[in-house]
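Peer 1: If you want the building blocks of each chain, they are given just below.
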Amino acid sequence: VTFNSLQYAVFLPVVLGLYWLLPRRPQNVLLLIASYVFYGAFDWRFLGLLIISTLTDYTVGRLLEVTEDQRRRKRIFAVSLVVNLGILGFFKYFNFFATDGAHFLAHLGIHLAPPVLRILLPVGISFYTFHGMSYTFDVYRRDIEPTHSLLNFAVFVAFFPQLVAGPIGRAHLQLPQFERDRVPPDWAQIRRSLFLILLGLFKKVAIADMLAPYVNNAFNAPARTSFVGLLVGVWAFAFQIYGDFSGYSDIARGSAFLLGIDLPENFNQPYFSRSVTEFWRRWHISLSTWLRDYLYIPLGGNRSGSWRTYRNLFLTMLIGGLWHGAATTFVVWGGLHGLYLIGERRFTHATSEDYRRPWRLRRDLVRTVVTFQLVCLAWVFFRAPSTTAALHYLDDLAHLQGGVTDHTAILMLALAASALAFVDYVQLRARDHAAFVAWNPAVRGAMYGLMLVPIIIFSGGTPVPFIYFRF
Amino acid sequence: MALLVLALAEGAVRVWHSSLAAPTAWPAPELQKKYDQIVARAGSGQATDVVLVGDSMMDAAGNPSGLALAGAPGTVYNASVAGETLPTIAQWTTKVVVPRLHPKVVVVGFSSNELNPSVLNPAAGLGPYEHSRAVRDASGTGGVVDRADGFLRRWSLLYRYRTSLRHPLAPAPVGVFDPKLSAGGQDLAFTGQHYLQAGGANQARLIVRTIVATLAGFTIGAQNVAILQDLLTSLHRQGIRVLLVAMPVTNDLIAFHPAGVADYERALASFGSIAAASGATFADPGVWPTAEFADPVHLNGAGTAHFSGFLAPLLGVPSGAP
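So the sequence lines, in the order shown, correspond to chains U and Z.
For the first sequence, the residue numbers in the working numbering are 90 to 560.
For the second sequence, the residue numbers in the working numbering are 154 to 475.
For the record, the hints were derived by calculation from the structure and aren't laboratory data.
Quick caveat, the model's predicted, so the values are computed rather than measured.
Just to be clear, a hint being listed does not mean it is correct.
Partial selection, computed: residues in chain Z whose CB lies under 7 Å from chain U [said to hold, decoys possible]: (1) Met154; (2) Ala155; (3) Val158; (4) Arg315; (5) Leu318.
Note that beta-carbon positions come from the ideal geometry of N, C-alpha and C, so glycine has one too.
Construct the complete structure from the given sequences, taking the supplied hints into account.
Peer 2: So, in structure tokens, the structure goes:
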């Protein structure tokens, strides 16, 4: 069951219909069953891990509540870290560390033959483990009171709109929503929610899936693609991954609103950023704030001088890269972003508060374009199948080589970029993701039609999975 | 207003659809082209006495007009598909081709590679084939969603032509897996080529790489044998005369097998026993000179003429056959 499948088009209305007929406690029971069915549909064997992670974090929260001794609290908290990171480490990183570690040792003259296991990566494992850990972190730091209801906590961890690809929830914002009575959305809220779902489908189907073949062509055979084709390939990937992931987040938020739950915004017009520092306030916000609050700040943040700050930034981004996947490409991607952030902190006046300043075309265009190109350079490593392939791609790009240029790819990229820029610009000006809902009905209707036409054209066949399902 | 925009889009496609590329619903361009040819033949009432099925080897080698010139009785259609493998060809033959063309004779042309378990990899073709709505529709195994899809295809040109609208500037590229076809279904991509010369070095490299990958770890797969035997048996049970042909090969192709001639001879022996167990006739034309091939695998124009001469005498339709 993915958001862009017909199954979800049936699943969501059925859940909604039953949900609003029930009082609060049975509502949560229904949500938990629906969430486990939703997750189990990917592979029922993964449900065990989700349940283990849920029970561990709930128990740790309860034990932390009744324990005053600081050393004992630390040990209890460590259980949550060990279980969650253990699950994540085994299922996601075992083979990476076994094989790449062996390669590294081989360079040092130590030859090992590590076992390579045939491990299936559970969908959304990085999301729900971080989701659960945020709760134990907050309880350990006494930022929130632990919940006494296993049911409410299990729904918080498994809530199906955000389970497999976020936004990564924060307990202090979300858990109380499952603990109180919910009011059915009024017509205005329903319209906003449905618009977010339509917008998400548009971004996924008409932008991301439409660009995917052109991106694949460039990255699968860079040696026979022209300079223009390679440039189009990497720009197209920038819009593909944005359309794919922010489309998912929009559908997740729209679906959650219909259930009376407010999920945090995960994207805030990231390609309008005027620095990479600002980009990370606008891109995958739930991950960047998680890393800031539970990694960067505990490491010392910017409190201990410039070099410590640089080290903390670099380590945070490196781990952020590794969070995406067990591959050196993601580590290099994270490392590059770490270097960008260090460079901006050292040589420019960019701050994380830049995003609060209104965006002005004449003042900000050049910085926005430069930032976008830096982000695209890092995307090459994120998308390429290996670091060697990424370096070959950049090498081919640098040599301004001739070769095949697909003019349809240029046209499609221009259409996709214009559509996303338009949507983001309207949202940026209005500071509202559903700003279109307040438009004149005729213009709004025309826009819905203009979104539906490309959805019809680019849908059909087996739904293309969301990119972030792999992480 | 949203409906008005949708109606305008539908109207625009209705006005301009004749200048759009034909819509594709099948998972590979050649499957689409062959399906259209088959439906047109069946619709016109034209009899098809002999059907040739197989992968790209038979696709390139089976020339219906050449067979007629060589004295083959009746009309022949080549329903082979390049790039598809044994499990897909078996389903395509039994669920799509035979129920529409009702042939008296089916010639199944394969080589050793189709007996190697590597061709069973779902990503090699059967996966996308089975997941295609067009396939389920044509095979009569579609559900509610497939029927809705068929309904929308019939009533909305915007919906029907959506695959063409995805490539507004250029038609899909023509190549080995999207070939020009003769009226009788033969793949014309190889006819004018000399051994490893034409089609560019890239095409030759691609084909060599593909065949090496297909023959890697060569063994006779039990599942492959079962699929081929089921195919031949089910055709035979329908009263169709079945001929299993080991396609002509080069010495180069035999050398690509990990154990060379020994592997190839094991494959021939398997073909012989599969044919015997399923009521089919087995024929082996053997090794042919490279001058008759476009590459180590596919016959060129000269090879096709030779193959027509070899095959035509074997196609006699016994009297009293259905």
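Peer 1: Does each hint fit the structure? Answer for all of them.
Peer 2: Structure-based check of all given hints:
1. Met154: This hint holds: Met154/Z lies near chain U, its Cβ roughly 3 Å from the closest one there, short of 7 Å.
2. Ala155: Status holds, d = 4 Å.
3. Val158: Holds: closest Cβ of chain U sits about 3 Å from Val158/Z, inside 7 Å.
4. Arg315: holds (4 Å)
5. Leu318: holds (5 Å)
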